[in-house]
Amino acid sequence: MFQIQQLLGVRHSRYNKLATLKPTEAQRFLLPVSECEFSITSAIEDLSSMSACPRGHRPLRATGAAISTAVALLESCCSPYTGGRIMVFTSGPTTVGPGLVVETDLGKAIRSHRDIFNGNVPLVEKAQDFYKKVAKRLTDSALVLDLLACSLDQIGAAELRYPVEVSGGLMVLTESFESEQFKSCLRQTFKREGTDYLNMNFNATIEVVTSKEVKICGALGPCISLHRQNSSVSHKEIGEGGTNYWRMSTLNSKTCIAFFFRADCSRDTDPPTVFFIQFMTRYRHGDGSNRLRVTTVARRWAGPRSPEIAAGFDQEAAAAVMARLAVHRAETYHVRDVIRWLDKMLIRFTAKFGNYVPEDPSTFRLSTNFSLYPQFMYYLRRSQFIDVGNSSPDETAFFRLMLNREGVVGSLIMIQPTLFQYSFDGPPIPVLLDVSSISPDVILLFDSYFYIVIHYGSKIAQWRKLGYHKDPNHENLRKLLEAPEVDAEALLADRFPVPKLIKCDQHGSQARFLLARLNPSVTQKSQLSEGSEVIFTDDVCLQVFIEHLQELAVQG
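Position 353 (the sequence shown) corresponds to 939 in the working numbering; numbering is contiguous.
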């Protein structure tokens, strides 16, 4: 870092707090857009490859060095904690310099999940160590790192995930810079909401204060621990722990962080009737003003067998938190171990809160406050966060990064996608996330948060190909075809980053995006009926999973 700053002829502003930064020093590299827009546009248009790429080799890309240089520039040219964004546009992996992902020789394949599981990834470990240091520099200066990658192959997003995540940055993985998905993401990044200021906030911190009976374990989300300890900090750490103070380079109205606490009441004395948790959030608004928001929560203590525990249980929030915990464990444990842990926790949960006669599974019941939780865990086990076999390390990094910052509603859509059916029988209706919901004469709208699928039944697809919807006598068909597209556009407009829209026909190759997430109630081993859809898999269906869970829960 210091070598880069010496080469550029700048100084680190953090170590010159009492000195006034010379205007000419900063203006060498940092200017208002109005003063340099033409020069930047011309420079981008004149960009060309620095060297011809030999056959059988990847292009030379020094992405890590470029990011480190950008951080050094902003550290030197900006006042401490002013905030800023570094936006990385790339179409390939780093092949030279720090943060190396893969060698230039095409004979050396980029790392896969199998390589990571087997520990055969020396380049990954070095790259991650480098980017952890970059992440520390980013958060120390309230800088945000955005990754916008457009490529058909991996580009090293898995290695870059940590600095992007802890700085609150944006990660976009698309196939082309010309795609509407990429353009929409870029436009929304610089969105203004009726003011002269960008919809960006910088240099955020969250301080948590609790009653003495409540200990702070940590946080999972787009933040980093500042390791400021007091008597409220627990010795048991979860995620970014060991502190009651966290920093975020940026935040917005949708930023969501999960905080973890534990009760620390002595058995010899009765706990007080209530406890308090206070969150103090400080940040710099887009208009330059510093703001403070304080939220104080008061709750009553409840005994171990109190009915208030069941009445106050939020199964949706619990599923979202368990998903973050599972992803956190997946960073250090094998996927099989994570699934075993999820199963163990679910069995303990159902055994404790279920109503049943011991050793009699047929008597097992869960109250309405708990009834959906087991199926959330079933779909979480099969989700792209845990089952990474059909994803690359880059895709998995993107999925997990998005889960760790999304709220409860968005997280549930990621875990258990929504499925709506469109037919001639009436308005669209929600249907089960099950293979039995596929029918030749209906259209399905599937929303998994990361991609949206419009699935046309075989009859509907045939009528569309024959052009029946263009005939005025088939107005109902035209309206039926338009309805899911209108709803899909509404979902695309409301989500950021913009998901991918996929249109497919029943039995088509793209239908795999839908089939992979459906409950396989009908498989190649089932007794088939004419016209039924089949999923070829050895996975157990939801019904078998629940039955087996009940058998284990009642064993005590």
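Hints listed in this document are in silico derivations from the structure and should not be mistaken for laboratory results.
Here the structure is a predicted model, which is why all the values come from computation and not from measurement.
Watch out, some of these pointers could steer you wrong.
To be verified - Once the Cα atoms are required to be at most 30 Å apart in a straight line, the calculated DSSO-like pairs of lysine-lysine come out as:
hint, residue 1, residue 2
1, K1065, K1045
2, K840, K777
3, K777, K1045
4, K1089, K769
5, K712, K798
6, K798, K719
7, K694, K712
To be verified - DEER-style ranges, computed between Cβ atoms:
hint, residue 1, residue 2, range
8, A904, A1079, 41 to 49 Å
9, A896, K822, 20 to 28 Å
10, T859, M931, 26 to 34 Å
11, G1012, S762, 51 to 59 Å
12, L633, F865, 52 to 60 Å
13, D973, K930, 15 to 23 Å
14, R641, S762, 49 to 57 Å
15, T859, A1076, 42 to 50 Å
16, Y783, A1076, 25 to 33 Å
17, N876, S953, 41 to 49 Å
18, E1075, P893, 44 to 52 Å
19, K822, G1012, 51 to 59 Å
20, D701, A1079, 37 to 45 Å
21, V880, S953, 34 to 42 Å
Yeah, the Cβ is synthetic: ideal placement off N, Cα and C, and Gly gets one too.
Tested hints:
no.: 1; hint: K1065 / K1045; in the structure: holds, 16 Å
no.: 2; hint: K840 / K777; in the structure: holds, 15 Å
no.: 3; hint: K777 / K1045; in the structure: violated, 42 Å
no.: 4; hint: K1089 / K769; in the structure: holds, 20 Å
no.: 5; hint: K712 / K798; in the structure: violated, 41 Å
no.: 6; hint: K798 / K719; in the structure: violated, 35 Å
no.: 7; hint: K694 / K712; in the structure: holds, 17 Å
no.: 8; hint: A904 / A1079: 41 to 49 Å; in the structure: violated, 30 Å
no.: 9; hint: A896 / K822: 20 to 28 Å; in the structure: holds, 26 Å
no.: 10; hint: T859 / M931: 26 to 34 Å; in the structure: holds, 30 Å
no.: 11; hint: G1012 / S762: 51 to 59 Å; in the structure: violated, 39 Å
no.: 12; hint: L633 / F865: 52 to 60 Å; in the structure: violated, 45 Å
no.: 13; hint: D973 / K930: 15 to 23 Å; in the structure: holds, 18 Å
no.: 14; hint: R641 / S762: 49 to 57 Å; in the structure: violated, 24 Å
no.: 15; hint: T859 / A1076: 42 to 50 Å; in the structure: holds, 47 Å
no.: 16; hint: Y783 / A1076: 25 to 33 Å; in the structure: holds, 27 Å
no.: 17; hint: N876 / S953: 41 to 49 Å; in the structure: holds, 46 Å
no.: 18; hint: E1075 / P893: 44 to 52 Å; in the structure: holds, 46 Å
no.: 19; hint: K822 / G1012: 51 to 59 Å; in the structure: holds, 53 Å
no.: 20; hint: D701 / A1079: 37 to 45 Å; in the structure: holds, 39 Å
no.: 21; hint: V880 / S953: 34 to 42 Å; in the structure: holds, 35 Å
When the structure is compared with the earlier hints, violations turn up for hints 3, 5, 6, 8, 11, 12 and 14 and for no others.
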